[in-house]
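Protein chains: 2
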Amino acid sequence: MPLSDPAKNPAHLRQLEEWLRSYRPEELFDERGRLLPELADLAPKGPRRMGANPHANGGLLLHDLRMPDFRDYAVQVPSPGTGGIGDTHILGRFLRDVIRVNADQRNFRIFGPDETISNGLEAAFEATNRQWEADMETNDEFLAPTGRVMEMLSEHQCEGWLEGYLLTGRHGLFNCYEAFIHIVDSMFNQHAKWLKVSAALPWRPKIASLNYLLSSHVWRQDHNGFTHQDPGFIDHVVNKKAQIVRVYLPPDANCLLSVMDHCLRSRHYINVVVAGKHPAPQWLPMDAAVVHCTEGIGIWPWAGNDSGAEPDVVMACAGDVPTLETLAAVSILRAELPELKIRVINVVDLMKLEPATEHPHGLSDMDFDSLFTTDKPVIFAYHGYPWLIHRLTYRRANHHNIHVRGYKEEGTITTAFDMTVLNDMDRFHLVQDVIDRLPQLISRGAYLKQRLQDKLVEHRRYICEHGEDMPEIRNWKWPGPAAK
Amino acid sequence: MPLSDPAKNPAHLRQLEEWLRSYRPEELFDERGRLLPELADLAPKGPRRMGANPHANGGLLLHDLRMPDFRDYAVQVPSPGTGGIGDTHILGRFLRDVIRVNADQRNFRIFGPDETISNGLEAAFEATNRQWEADMETNDEFLAPTGRVMEMLSEHQCEGWLEGYLLTGRHGLFNCYEAFIHIVDSMFNQHAKWLKVSAALPWRPKIASLNYLLSSHVWRQDHNGFTHQDPGFIDHVVNKKAQIVRVYLPPDANCLLSVMDHCLRSRHYINVVVAGKHPAPQWLPMDAAVVHCTEGIGIWPWAGNDSGAEPDVVMACAGDVPTLETLAAVSILRAELPELKIRVINVVDLMKLEPATEHPHGLSDMDFDSLFTTDKPVIFAYHGYPWLIHRLTYRRANHHNIHVRGYKEEGTITTAFDMTVLNDMDRFHLVQDVIDRLPQLISRGAYLKQRLQDKLVEHRRYICEHGEDMPEIRNWKWPGPAAK
Numbered sequence: 001m002p003l004s005d006p007a008k009n010p011a012h013l014r015q016l017e018e019w020l021r022s023y024r025p026e027e028l029f030d031e032r033g034r035l036l037p038e039l040a041d042l043a044p045k046g047p048r049r050m051g052a053n054p055h056a057n058g059g060l061l062l063h064d065l066r067m068p069d070f071r072d073y074a075v076q077v078p079s080p081g082t083g084g085i086g087d088t089h090i091l092g093r094f095l096r097d098v099i100r101v102n103a104d105q106r107n108f109r110i111f112g113p114d115e116t117i118s119n120g121l122e123a124a125f126e127a128t129n130r131q132w133e134a135d136m137e138t139n140d141e142f143l144a145p146t147g148r149v150m151e152m153l154s155e156h157q158c159e160g161w162l163e164g165y166l167l168t169g170r171h172g173l174f175n176c177y178e179a180f181i182h183i184v185d186s187m188f189n190q191h192a193k194w195l196k197v198s199a200a201l202p203w204r205p206k207i208a209s210l211n212y213l214l215s216s217h218v219w220r221q222d223h224n225g226f227t228h229q230d231p232g233f234i235d236h237v238v239n240k241k242a243q244i245v246r247v248y249l250p251p252d253a254n255c256l257l258s259v260m261d262h263c264l265r266s267r268h269y270i271n272v273v274v275a276g277k278h279p280a281p282q283w284l285p286m287d288a289a290v291v292h293c294t295e296g297i298g299i300w301p302w303a304g305n306d307s308g309a310e311p312d313v314v315m316a317c318a319g320d321v322p323t324l325e326t327l328a329a330v331s332i333l334r335a336e337l338p339e340l341k342i343r344v345i346n347v348v349d350l351m352k353l354e355p356a357t358e359h360p361h362g363l364s365d366m367d368f369d370s371l372f373t374t375d376k377p378v379i380f381a382y383h384g385y386p387w388l389i390h391r392l393t394y395r396r397a398n399h400h401n402i403h404v405r406g407y408k409e410e411g412t413i414t415t416a417f418d419m420t421v422l423n424d425m426d427r428f429h430l431v432q433d434v435i436d437r438l439p440q441l442i443s444r445g446a447y448l449k450q451r452l453q454d455k456l457v458e459h460r461r462y463i464c465e466h467g468e469d470m471p472e473i474r475n476w477k478w479p480g481p482a483a484k
Numbered sequence: 001m002p003l004s005d006p007a008k009n010p011a012h013l014r015q016l017e018e019w020l021r022s023y024r025p026e027e028l029f030d031e032r033g034r035l036l037p038e039l040a041d042l043a044p045k046g047p048r049r050m051g052a053n054p055h056a057n058g059g060l061l062l063h064d065l066r067m068p069d070f071r072d073y074a075v076q077v078p079s080p081g082t083g084g085i086g087d088t089h090i091l092g093r094f095l096r097d098v099i100r101v102n103a104d105q106r107n108f109r110i111f112g113p114d115e116t117i118s119n120g121l122e123a124a125f126e127a128t129n130r131q132w133e134a135d136m137e138t139n140d141e142f143l144a145p146t147g148r149v150m151e152m153l154s155e156h157q158c159e160g161w162l163e164g165y166l167l168t169g170r171h172g173l174f175n176c177y178e179a180f181i182h183i184v185d186s187m188f189n190q191h192a193k194w195l196k197v198s199a200a201l202p203w204r205p206k207i208a209s210l211n212y213l214l215s216s217h218v219w220r221q222d223h224n225g226f227t228h229q230d231p232g233f234i235d236h237v238v239n240k241k242a243q244i245v246r247v248y249l250p251p252d253a254n255c256l257l258s259v260m261d262h263c264l265r266s267r268h269y270i271n272v273v274v275a276g277k278h279p280a281p282q283w284l285p286m287d288a289a290v291v292h293c294t295e296g297i298g299i300w301p302w303a304g305n306d307s308g309a310e311p312d313v314v315m316a317c318a319g320d321v322p323t324l325e326t327l328a329a330v331s332i333l334r335a336e337l338p339e340l341k342i343r344v345i346n347v348v349d350l351m352k353l354e355p356a357t358e359h360p361h362g363l364s365d366m367d368f369d370s371l372f373t374t375d376k377p378v379i380f381a382y383h384g385y386p387w388l389i390h391r392l393t394y395r396r397a398n399h400h401n402i403h404v405r406g407y408k409e410e411g412t413i414t415t416a417f418d419m420t421v422l423n424d425m426d427r428f429h430l431v432q433d434v435i436d437r438l439p440q441l442i443s444r445g446a447y448l449k450q451r452l453q454d455k456l457v458e459h460r461r462y463i464c465e466h467g468e469d470m471p472e473i474r475n476w477k478w479p480g481p482a483a484k
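For the protein sequence lines, the chains are A and B, in the order given. Taking my numbering, the leading residue of the first sequence gets 1, the next gets one more, and so forth. Taking my numbering, the leading residue of the second sequence gets 1, the next gets one more, and so forth.
Simulated from the structure, these hints should not be mistaken for lab results. One should not assume that every hint holds.
One copy or two, either will do: identical chains are not told apart, so a pair holds if it fits within one copy or between any two.
What the hints assert, rightly or not - Derived DSS-like pairs: lysine-lysine, alpha-carbon spacing no greater than 30 Å straight-line:
hint : residue 1 : residue 2
1    : Lys477    : Lys206
2    : Lys206    : Lys408
3    : Lys455    : Lys241
4    : Lys8      : Lys477
Starting from the given sequences, assemble the full structure and let the hints guide the process.
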């Protein structure tokens, strides 16, 4: 590099020659410029060559994980809105048994920055411990010299451990607070680039996917506050090659089980799964969850009332909290404006929204238009920064009718519901959005709109006085019939 | 936190009481529950209080930087396309003198991960040194116990140093390779959140902006390859609050001087400036650069030919390499299809593209429509991931006509021009885009299109054989008249 132009600068050419001659090429090559055979013989042969060594080509060493049947861990959902204990707590039992059935293969580990319990995966410690090489104190919990959980309060270390583990032919999961996964943005970049390039090399068999479970997410950081609220990792991830990246937002525990089963079986992807750990309503029985997650996006017929008719409005949602607020908004609309035809769409696999030409999971325009219509307003409640939905859908026919609510960088230490209010994604705002976007409601809806605004004032007063959400928010239940 | 429900669980309430009583409240409060006066007196008073201490409220200590006149560092641009030495090398001289004129104030520093010279700011070492506390060897360069440049090959350390420096009332600049600034994504998040919240506190005067100079950028990492190519920091930044973030893509050295002068004078922003360090054409004399950067976006009348007429196509560009390729494409179009009316728009301030309702810099719809038309194809060459332009413009009337080329995660170790070819952003692809988007050219343009495709084949063959770009690429010059 310091010799910028040896082709034209004789002084540079002379320096280049001096430097190369310092390696004494006359001792290395014969008179025709060929490497001497005794030197060529020094190079390792066969699988001792660096690129052919199976320890540097983990796909050669990869064994499938033995998988327990995720359906066995299902939550019973006799009707939509059944109370749950927190989606990741259910997932924890499944992961516990993944650890158990692969114990003798020793090829599965969970990594995380001391948040395995905080993220709801405490069941893992029924089957294993945190691997720990140092001294132990009597009140330490779940530490042992061997264990399948690797914890260290360094997201960098966890990411590096997991990448190395995958590259040498094993399987794993990184669980992390959503906001702080940005710490490894740059490491993620390099792994995604590596996957893209290595996928094109025929002598490199595929390796297991890098799976992120992001919990303790933006909407339930009401007690930790603004510093802990950042759903932007998804935006970062979708900049990388479509053949490599996948993003899933399961709305409940059964969907989370189905998604994670798929992710742990998959190869050569980076899977990002965002899920809640707090008690939250469960929507789908396991059979329906499997169908929904396999399709990645779908109408929830039991939630809407437009079957056999044109909808007046499409209510779409992606993520557990947006799904809750959307269904609460739909329950208000169906009670107050029963003649309104509403279609409810839930998105699990975010990449379904992209055109099929841009992402292998993308819906065809025909399928997208059929779901989202080509001319009806779509009120979309999304887990992250709202503009990502526009970035994914800007080529769709109905794009100008898509109105997205999501996290717009407003938050503080407050109540869980107030987080949605601060970002205009709560049920009351969503209903107002419907009124604003439907010409037939613009004057007739004024009374309802005012009542909703009154509700928001009442909410504000109530949380300031009581420090918790109004009973009608805390105790809200989906009033409709069961999913089939 | 472990006592989840003391209000309803008597055992929890008892534990809570025991815990609180362990602090012996009877020694701290009188019988009416008031803190004892002798204890209250222990608290610091006035500016010794933590929140009132000026060392924790840097805005109180902030002095304006003394600024040399940036116009004195101007590159002479007798006609557009004049050769330059690399934009950041020009900026380096200006920064050198910022250091000099503030030497006795000691309130300006440059931070970076050992790339100050590599990023083209070598002139800084005419005025100062790298601050260095450890041993020095005889062949060390520019080390001294005091110096205004802080280098350490840790982007985390540089970001932390600079944040602390700004928070205590000083000024600074972080220069970094573009791809690796993602290392501090999470730290950037927290600083942006802090600026948003503190801007609302009347007792916190504003502090100096956090300025990033990203050089050695995605398009000129042809020699380092794919690992060094990532323009996604801009996407990360624009998720934060519009009142805090600013992104600038000066197309040449005079624009870079004007932009940096503005950034160093600004308060309470995060400014991201992306600029090149390699020899590249210069477009605007200083007077024109000042006007262009003040407006942030504008038509380059000397480059297009639609003055006084409706354009057939708008060629927009943002970033130094996209500007070069766009002007090269325009030169082909004007030679081959002289009857075509072309408007050339250059964007320096990316936030101009957002609606005025979303960002304080955003153009009004009227101004945007006037520039980009409401019905003509816009071929937009952009420095980063192309979808960001859609995310910024999706609400604009002509959005469906905007076709963006940018970095789509294709790259390797190759030539500089080949980087643009791999990502379809080179001059030949841009001309083809124009032909494809203009119905009047679709059949007439077929011959030209084929010649351009032949050119791309020739390019590929040439670089494989010669290891450098074709002479017509390396030696290309803007053929048009001078800017006024």
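Hint check results:
Taking the shortest Cα distances, Lys477 and Lys206 never come within 30 Å of each other, neither inside one copy (45 Å) nor across copies (46 Å). Only between protomers do Lys206 and Lys408 lie at most 30 Å apart by alpha-carbon distance; the minimum there is 23 Å, versus 38 Å within a single protomer. For the identical chains of this complex, Lys455 and Lys241 are inter-copy neighbours only, at 27 Å across copies versus 45 Å inside a copy, given an alpha-carbon limit of 30 Å. Taking CA atoms no more than 30 Å apart as the test, Lys8 paired with Lys477 passes between copies only; the shortest distance there is 22 Å, against 79 Å inside one copy.
When each numbered hint is compared with the structure, a violation occurs for hint 1 only.
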